[in-house]
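With the hints as extra help, turn the sequences into a complete structure.
749 is the number that the numbering used here gives to position 10 of the sequence shown; each next residue is one higher, with no gaps.
Simulated from the structure, these hints should not be mistaken for lab results. Just so you know, these numbers come straight off a predicted model, no measurement behind them. Think of the CB as a built atom: it goes at the ideal place given N, C-alpha and C, for glycine as much as any other residue. A couple of the hints might just be wrong.
Label-pair restraints from in silico Cβ distances [said to hold, decoys possible]:
1) R851 to A828: 28 to 36 Å
2) S859 to T824: 18 to 26 Å
3) T776 to L751: 13 to 21 Å
4) A789 to D763: 21 to 29 Å
5) T802 to S859: 24 to 32 Å
6) R785 to A828: 27 to 35 Å
7) D763 to V795: 35 to 43 Å
8) R827 to L757: 27 to 35 Å
9) D763 to R832: 38 to 46 Å
10) E756 to V831: 37 to 45 Å
11) L757 to T824: 16 to 24 Å
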Amino acid sequence: MGDPPTLDSQTLRSLRELGGETPDLLIAELFALFRSTLDSQVQALRQSVAAVSTEVVAAAAHTIKGSAASIGALEVASICARMETAARAGMVRDLPADLVLLQRASERLLRRMAEIESESKGAGP
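Below, the structure written as structure tokens:
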């Protein structure tokens, strides 16, 4: 089994269905909300990893995991789940490497989100 997708197509379909007559608007709003908090959340996670504050790492990873899962960002959610579990178990050795993986996955996610938004705008009414 490979890595989880950057964005889960089934979750996106479900979100579009929830959007009713304006599915792309709902997706755009959810993406904007996610983007507006991602940088600060990752920064808090980075600081807590550097300070080896396992409780804060676990809480920050949990927050990002939930936000990511809600929009179908399974790769980001998976990395955060691993970080949360490790922090709760006091296993800090791999947290810096996981943080790098999270940063890369977040960059891929942001690019994919922009692609989806661009495709939606190009689809017309």
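Hint check results:
1. R851 to A828: 28 to 36 Å: holds (31 Å)
2. S859 to T824: 18 to 26 Å: violated (35 Å)
3. T776 to L751: 13 to 21 Å: holds (19 Å)
4. A789 to D763: 21 to 29 Å: violated (39 Å)
5. T802 to S859: 24 to 32 Å: holds (27 Å)
6. R785 to A828: 27 to 35 Å: violated (20 Å)
7. D763 to V795: 35 to 43 Å: holds (36 Å)
8. R827 to L757: 27 to 35 Å: holds (32 Å)
9. D763 to R832: 38 to 46 Å: holds (43 Å)
10. E756 to V831: 37 to 45 Å: holds (41 Å)
11. L757 to T824: 16 to 24 Å: violated (30 Å)
Consistency note: the structure conflicts with the earlier hints numbered 2, 4, 6 and 11.
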